[in-house]
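Colleague: Just remember that my numbering sits 30 ahead of the position in the sequence shown, which is counted from 1.
Treat the hints with care, since some could be wrong.
Unchecked claim - Taking lysine-lysine and the DSS-like style, the derived pairs with C-alpha atoms no more than 27 Å apart in a straight line are:
| id | residue 1 | residue 2 |
| --- | --- | --- |
| 1 | Lys152 | Lys62 |
| 2 | Lys324 | Lys341 |
| 3 | Lys203 | Lys188 |
| 4 | Lys253 | Lys321 |
| 5 | Lys188 | Lys56 |
| 6 | Lys104 | Lys152 |
| 7 | Lys333 | Lys321 |
| 8 | Lys253 | Lys406 |
| 9 | Lys188 | Lys104 |
| 10 | Lys188 | Lys152 |
| 11 | Lys253 | Lys301 |
| 12 | Lys401 | Lys341 |
| 13 | Lys278 | Lys369 |
| 14 | Lys89 | Lys108 |
| 15 | Lys278 | Lys301 |
| 16 | Lys278 | Lys324 |
| 17 | Lys341 | Lys321 |
| 18 | Lys302 | Lys341 |
| 19 | Lys104 | Lys116 |
| 20 | Lys369 | Lys333 |
| 21 | Lys321 | Lys301 |
| 22 | Lys302 | Lys321 |
| 23 | Lys81 | Lys116 |
| 24 | Lys108 | Lys81 |
| 25 | Lys56 | Lys104 |
| 26 | Lys62 | Lys188 |
| 27 | Lys253 | Lys324 |
| 28 | Lys203 | Lys253 |
| 29 | Lys302 | Lys401 |
| 30 | Lys301 | Lys341 |
| 31 | Lys62 | Lys321 |
| 32 | Lys89 | Lys104 |
| 33 | Lys62 | Lys203 |
Please keep in mind that the hints were generated in silico from the structure rather than gathered at the bench.
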Amino acid sequence: MLPLMTTNTTFFEELHSTELTGVAYKNIRLKKRILTHFANDGNATLADLSKVLNTSIPKTSELVNELMADDLVKDYGKTDSGVGRKPNLYGLEPNSAFFVGVEVKNFRINIGLMDFRRNLIKATEGIPYLLNNTERSLNALCAIIQDFIDSSAVQREKILGIGVNLSGRINYKTGYSYSFFNFHEDPLSSIIETAIGIHTFLENDSRAMAYGEFCNGAVRDEKDVLFVNIDHGIGMGIMVNGQLYYGKSGFAGEIGHIPILSNEILCHCGKKGCLETEASGEAIVRIFREKLSKGASSIVTSKHPNPGDIKLEDIIEAANSDDTLAIEIITEAGEKIGKGMATLVNLFNPELIILGGSLAATGDYIRLPIKNSLNKYSLSLVNNDTQLTISQLGDKAGITGACLLVRDRLLAITS
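Use the sequences and the hints to build the structure in full.
Modeller: Written out as structure tokens, the structure reads:
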């Protein structure tokens, strides 16, 4: 076992410092690589780490010793394998650092707390919330995050970062949202960070969900993956060769605004003919209400006699209870989504497409019409190589991805 030593500056103080040079700068980079190895490959001996770092065992011992002094690394005792004197195994201390993931939806918020080893130790889903582009809505969001942190049993100083997912145009590098809470000059990430007092990252909800599935969900060995988020809007996260794809300005993946429909419905983006105008959750609610006003029947009306009170969740629940009208409208939406996705299959030739978001909870009612349209409109030689599946993480995909993105970006870990 290494003799513990203490240093005047902790790892996290060094991590946030902009004045490191020379040996100190090199050491912090080596420490990040040690944490990356533990995070991705598990526990290791000093000899193993020395090879990974391409540095001497005494130097590796010094770095591991300092990480142990900061309670980031733990000595797990002797290895069970090999002959002769058995070396000690070192790995992450799970309770040394935590990350908060926040998924902001139109009418609710999901929020979770993850430890260093990717365990989601606390999650609260369906917190009532109304997403509006107002100061009041932003303040309510900050209050919900604050309450969640205060109610957790984790020491505040151990929470290293917060990841907040929002729909629409997000530039994660600058922290600006161009769809919500864009009425301040400062980036939204900085505004939330100032209110909460913890380093904050901003991300598009579909990309965060894609990352969650890629790291902890439906993805196995696939490297080229499309995650289609079918909720009130339609978004997409793109993984190319195992990495999130952002595009020039960070706005890649706007599948909902592919202009494939011949209609005069004005989309909230200001254009006409967008896929979202007839196939999103918002469109499904509108069409459902219109059908009821024209005399169609549904079990939903027993709960909501006034069609104006019907929400997407009510229609999803009705479909899963075999309601004919709900299934019919979701099927029609699925066919249109599949047609839009067929173009993407021809362009990207992905190994896997994952369907997520609230409408994925309808299972085959949304998956099968999408699959049929994919087969109909994309090249057979291409779509034969593409698997289509439902999200494994469900409502936890977004908060899982948010936590992992914070962890990986803050510590320069690549998953």
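Colleague: Each of the hints needs a verdict: does it hold here or not?
Modeller: Hint by hint, here is what the structure shows:
no.: 1; hint: Lys152 - Lys62; verdict: holds (26 Å)
no.: 2; hint: Lys324 - Lys341; verdict: holds (18 Å)
no.: 3; hint: Lys203 - Lys188; verdict: holds (24 Å)
no.: 4; hint: Lys253 - Lys321; verdict: violated (42 Å)
no.: 5; hint: Lys188 - Lys56; verdict: holds (24 Å)
no.: 6; hint: Lys104 - Lys152; verdict: holds (23 Å)
no.: 7; hint: Lys333 - Lys321; verdict: holds (17 Å)
no.: 8; hint: Lys253 - Lys406; verdict: holds (25 Å)
no.: 9; hint: Lys188 - Lys104; verdict: holds (16 Å)
no.: 10; hint: Lys188 - Lys152; verdict: holds (15 Å)
no.: 11; hint: Lys253 - Lys301; verdict: violated (33 Å)
no.: 12; hint: Lys401 - Lys341; verdict: holds (26 Å)
no.: 13; hint: Lys278 - Lys369; verdict: holds (26 Å)
no.: 14; hint: Lys89 - Lys108; verdict: holds (20 Å)
no.: 15; hint: Lys278 - Lys301; verdict: holds (22 Å)
no.: 16; hint: Lys278 - Lys324; verdict: violated (46 Å)
no.: 17; hint: Lys341 - Lys321; verdict: holds (14 Å)
no.: 18; hint: Lys302 - Lys341; verdict: holds (24 Å)
no.: 19; hint: Lys104 - Lys116; verdict: holds (17 Å)
no.: 20; hint: Lys369 - Lys333; verdict: violated (34 Å)
no.: 21; hint: Lys321 - Lys301; verdict: holds (25 Å)
no.: 22; hint: Lys302 - Lys321; verdict: holds (22 Å)
no.: 23; hint: Lys81 - Lys116; verdict: holds (18 Å)
no.: 24; hint: Lys108 - Lys81; verdict: holds (19 Å)
no.: 25; hint: Lys56 - Lys104; verdict: holds (22 Å)
no.: 26; hint: Lys62 - Lys188; verdict: holds (17 Å)
no.: 27; hint: Lys253 - Lys324; verdict: violated (47 Å)
no.: 28; hint: Lys203 - Lys253; verdict: holds (23 Å)
no.: 29; hint: Lys302 - Lys401; verdict: holds (26 Å)
no.: 30; hint: Lys301 - Lys341; verdict: holds (24 Å)
no.: 31; hint: Lys62 - Lys321; verdict: violated (57 Å)
no.: 32; hint: Lys89 - Lys104; verdict: holds (17 Å)
no.: 33; hint: Lys62 - Lys203; verdict: holds (20 Å)
Checked against the numbered hints above, the structure breaks hints 4, 11, 16, 20, 27 and 31 and satisfies the rest.
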